[in-house]
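**Q** Chain by chain, the residues:
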Amino acid sequence: MARYGLLIDATKCTGCSACSIACSQHNQLELEVNYNRLEFVEKGTYPNVKMEIVPLQCMHCDNPPCALVCPTQATYKREDGIVLVDANKCIGCKYCMTACPYDARQLNHSRVPEKCRWCPEILSKGEQPPCSSTCMNEVRLLGDLEDPNSELSKKLATTSTYQLIPEKGTKPRIYYVKK
Amino acid sequence: MLKMQRRTFLKASAATAVMSAVPLYFGFNDYKQVASEAPVKKIPTTCNGCASMCGLFAHIKNDRLWKIEGHPIHIKSRGRLCARGHGMAADLYGKGRVTGPMKRTGEETFEPISWDQAFKEIGEKLQGIINTHGGNSVMWLEHGVRGKFYADQFLDVIGSSNYVTHYSTCFSSKTNAWHHMAGGSLNGDHENSKYMIFEGRNFAGAIIPHGMNQITKAKENGAKIVVIDPRYSEIAKIADEWIPIRPGTDLAFRLGLAHVLITEKLYDKAFVDKYVEGFDEFWRVNKKYTPEWAAEISGIPVEKIREIARDLAKHAPQAFIEPGWHGLHCHYINSTQTAQMGVIVNALLGNFYKRGGLMPNANAPLGSLQIPDQFHPEKGPRIDGAGVEGEFLTVEPGRGIAHRVPDAIEAGKLKALFVYHFNPVRNAPDPEYQKKMKDAELVISINVDWNETSVYAADYILPEDYYLERTEAPTNVNGHISHDHPQVSIRQKVVNRLFDTKPLLDIMRGISNEMGYYLYDYTVEDQIAAAVEPLGITPERLKQAGTIEFPATVKPVFPENKGKPALGTYTGKIEFSIDLFRLDGKMGVPTWIPPMVMPNPDNKEEFRLIHGKCPWHSHHVTSNNPELMAITEKYDGTSMWINTKRANELGIINGDTVFVESDIAKKKVKVRVTEFIHPEAVWIPSAYGGFSKKLETAYNVGVNYNDFIPSMVEPYSGTTMSQEVVVTVRKESN
Ligand code: SF4
Ligand code: SF4
Ligand code: SF4
Numbered sequence: 001m002a003r004y005g006l007l008i009d010a011t012k013c014t015g016c017s018a019c020s021i022a023c024s025q026h027n028q029l030e031l032e033v034n035y036n037r038l039e040f041v042e043k044g045t046y047p048n049v050k051m052e053i054v055p056l057q058c059m060h061c062d063n064p065p066c067a068l069v070c071p072t073q074a075t076y077k078r079e080d081g082i083v084l085v086d087a088n089k090c091i092g093c094k095y096c097m098t099a100c101p102y103d104a105r106q107l108n109h110s111r112v113p114e115k116c117r118w119c120p121e122i123l124s125k126g127e128q129p130p131c132s133s134t135c136m137n138e139v140r141l142l143g144d145l146e147d148p149n150s151e152l153s154k155k156l157a158t159t160s161t162y163q164l165i166p167e168k169g170t171k172p173r174i175y176y177v178k179k
Numbered sequence: 180m181l182k183m184q185r186r187t188f189l190k191a192s193a194a195t196a197v198m199s200a201v202p203l204y205f206g207f208n209d210y211k212q213v214a215s216e217a218p219v220k221k222i223p224t225t226c227n228g229c230a231s232m233c234g235l236f237a238h239i240k241n242d243r244l245w246k247i248e249g250h251p252i253h254i255k256s257r258g259r260l261c262a263r264g265h266g267m268a269a270d271l272y273g274k275g276r277v278t279g280p281m282k283r284t285g286e287e288t289f290e291p292i293s294w295d296q297a298f299k300e301i302g303e304k305l306q307g308i309i310n311t312h313g314g315n316s317v318m319w320l321e322h323g324v325r326g327k328f329y330a331d332q333f334l335d336v337i338g339s340s341n342y343v344t345h346y347s348t349c350f351s352s353k354t355n356a357w358h359h360m361a362g363g364s365l366n367g368d369h370e371n372s373k374y375m376i377f378e379g380r381n382f383a384g385a386i387i388p389h390g391m392n393q394i395t396k397a398k399e400n401g402a403k404i405v406v407i408d409p410r411y412s413e414i415a416k417i418a419d420e421w422i423p424i425r426p427g428t429d430l431a432f433r434l435g436l437a438h439v440l441i442t443e444k445l446y447d448k449a450f451v452d453k454y455v456e457g458f459d460e461f462w463r464v465n466k467k468y469t470p471e472w473a474a475e476i477s478g479i480p481v482e483k484i485r486e487i488a489r490d491l492a493k494h495a496p497q498a499f500i501e502p503g504w505h506g507l508h509c510h511y512i513n514s515t516q517t518a519q520m521g522v523i524v525n526a527l528l529g530n531f532y533k534r535g536g537l538m539p540n541a542n543a544p545l546g547s548l549q550i551p552d553q554f555h556p557e558k559g560p561r562i563d564g565a566g567v568e569g570e571f572l573t574v575e576p577g578r579g580i581a582h583r584v585p586d587a588i589e590a591g592k593l594k595a596l597f598v599y600h601f602n603p604v605r606n607a608p609d610p611e612y613q614k615k616m617k618d619a620e621l622v623i624s625i626n627v628d629w630n631e632t633s634v635y636a637a638d639y640i641l642p643e644d645y646y647l648e649r650t651e652a653p654t655n656v657n658g659h660i661s662h663d664h665p666q667v668s669i670r671q672k673v674v675n676r677l678f679d680t681k682p683l684l685d686i687m688r689g690i691s692n693e694m695g696y697y698l699y700d701y702t703v704e705d706q707i708a709a710a711v712e713p714l715g716i717t718p719e720r721l722k723q724a725g726t727i728e729f730p731a732t733v734k735p736v737f738p739e740n741k742g743k744p745a746l747g748t749y750t751g752k753i754e755f756s757i758d759l760f761r762l763d764g765k766m767g768v769p770t771w772i773p774p775m776v777m778p779n780p781d782n783k784e785e786f787r788l789i790h791g792k793c794p795w796h797s798h799h800v801t802s803n804n805p806e807l808m809a810i811t812e813k814y815d816g817t818s819m820w821i822n823t824k825r826a827n828e829l830g831i832i833n834g835d836t837v838f839v840e841s842d843i844a845k846k847k848v849k850v851r852v853t854e855f856i857h858p859e860a861v862w863i864p865s866a867y868g869g870f871s872k873k874l875e876t877a878y879n880v881g882v883n884y885n886d887f888i889p890s891m892v893e894p895y896s897g898t899t900m901s902q903e904v905v906v907t908v909r910k911e912s913n
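Residue numbers (our numbering), protein chains in the order written: chain A, 1 to 179; chain B, 180 to 913.
These aren't lab readings, by the way, just hints derived from the structure by calculation.
Since we're looking at a predicted model, the values are computed, not measured.
It is possible that part of the hints are untrue.
Residues from chain B shown here face chain A by an in silico Cβ test under 8 Å; the list is partial [as the list claims (entries may be wrong)]:
1. Lys246
2. Lys416
3. Glu854
Where is the CB? At the ideal position from N, CA and C, for every residue including glycine.
One chain only, chain A, in its complex shape (with noise of 0.2 Å):
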């Protein structure tokens, strides 16, 4: 079984986000939901300068807090790991907002706090989703953890990663690359 993540290079990330508008596209989102975001930070007085940026999305993590306080179990962890709402038995509580550390929901018109979902239906044929292959900075590698071989293990293998807010013991699956 499949168990999926993501490595993120944000140094090579330059804030163009055709990531967050090919995957609004590609799953059909409202204009006020997007599933992914950038962070900008400005570092250091001019002229010695350096912008740095941050790609968000759902983490889906692992130990998920989310799924943990949903009262109907509308967020659920499948066993490839990935992290799903089931917009009909979603009640719109919100719990699953408030328990996120990464604020990765975004509520739509009918109430439902939605997020990324790693596209599923692209990953198992072995492809990459629109904010990956769309990026023309190759931000984002999704892959199978539990393959060796598949180019994600192998990247993670040589590359050294740190990762978002660890001690919320949320396990996350997304790496980002240190530099």
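Knowing the structure of chain A, use the given hints to seat chain B with the ligands on it.
**A** Relative to the frame of chain A, chain B with the ligands by itself:
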């Protein structure tokens, strides 16, 4: 409207407001169901989000466009598309499109009319104008060059020399200099380069997806990237070094760079001896431009100038100054000389026709439909004065001076105007002046949306099919990035037309038939067949593939003929001096020309206004797209950048609204106080400032640099000199 407070993991100030709008799509709930039920058709075509025309596949579900993805072969996209491309596609269903032919009834009001009525009235009026004032009183003004094939036929038969593109508002200084000095432009071979200077060139803002991909790949392979720009642009984010330069002084920097290369004997002497004409003439002038002198003017430390020259030389010929585009090449009175120095510094590095240096584009020998000879009346001189003795002799006549069109109308020389795929009332300097276009006897706007030019200047709006609704003659895939393999791609219809619109060919046929010319006796299919004929492929094959790549034709060899250099210049060599300029009494080689205006250093309120692209808009054309505008809003994209120190002196804090005032305009602008910009300049993005009420999403969002600049003409290449403007910045309360 839905607002969400985002937490941040980093010390960032993410703006969070989002925009409300009618959802265009079915919701996520239905995703799985719809995805499994409806079959998806994938049809290849090309993007229209900018002029790069990336190859793409349109995914069609239930006869409706669902999404697009990059064409894997097309050299500009290679499977990847930028945000602008995605947004532009969705605008197929966007508000703001003109749904059928329109006739002006008042100030900003129009009535729908039939195509027959439009053709009849326009044909009659045009004929009357030509009978009274001659064919030369008619002009075709377009973004360029997509309408040229049809426009030329029309202009020929009526006897008009006036084909004009938007190029003078964008990049003419570069193409002019490179044409005269090297016979045409070459492109950086980003993929194989070891050292690249991006000066006034933001590949991560004015994006070509695969071009940017090659740059990041080269960097991963160890290439060094230096960005020289008064503003920390998007490409500076991935650069090894950002060097802010005093705006308007790139010419000085480049003159100093050449001086170091020559005095330190770092240049490729063998290459120069063999392939360069006019080195001595250049050196006589360049002798005085020491790096110390250049440092004084540009603000770049002298050691840095020397270091860059040495680094360039060390990596040559796998090193270059990116030839660039809009940035630097229509901004200043010295833009043509700056472009000349681009040719010269690169030639000194001996990087022409070298891997990792500058390489040409591959070209496929596309065929063209033979048009039967018609009777052509004699044409008069160009009415914009481009290439005309005593007027703008040194300006390339094939491109013209787009931003002075109202002048020609005022002078009574221009009576009828076609504006195709171009919006000069918003995208050329001084909108109030551009609006005077309406004083022509007849203005026909052929565009897809209610842009400012249509609303403020057109007597008739003849809406063209959206690019996803039309099929066009195939084109070579070309420009800005080098590749050895010729590629041909085709734009084709992926959905049926939604409204009462037509392709350009049918529009021109309708008008010309009314006038009794019967010019366009062919179909696009005939054009496609003629185009692919020399390639040995069928139209069907091209339509199915979208983009076809042919065996490599380009090699890293300087063009020679019987052992002699054979560039498209008079001597076949790279000419450091431009003959035509000397004929006109100007200097042939580049020499220092200071910027036309300078902010007064003693006046705390004065700044030079500079501008540039943001990565999620193609100037103004994408600014009515709700998704792209939501990105603008989310990341505070319309704000004017101002240096922290200068802002402090004026008591301006981040998020303030200020008055920005030039000689011709005073506007309110929100500011972003930042360390990322040269203290002498304020920067605004070039995409905003929509004032057509019929483009609701774009209306009244932000300002545009064109608001602040008068319509000026750079004396060598005729460009707008769009950064030769000093503004004062004052806090709103004062
Ligand atoms: S598409 Fe790539 S470069 Fe652009 S914002 Fe997304 S991650 Fe960054
Ligand atoms: S990132 Fe947030 S929404 Fe996603 S799985 Fe983890 S807790 Fe849940
Ligand atoms: S660069 Fe972007 S907008 Fe331009 S053609 Fe390519 S995808 Fe379209």
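**Q** Take the shortest C-beta to C-beta distance between Glu854(B) and chain A; is it under 8 Å?
**A** holds (4 Å)
**Q** For the hint on Lys246(B), does the least C-beta distance to chain A fall short of 8 Å?
**A** holds (4 Å)
**Q** Per the CB criterion, is Lys416(B) less than 8 Å away from chain A?
**A** holds (5 Å)
Every hint from the earlier list agrees with this structure, and none is contradicted.
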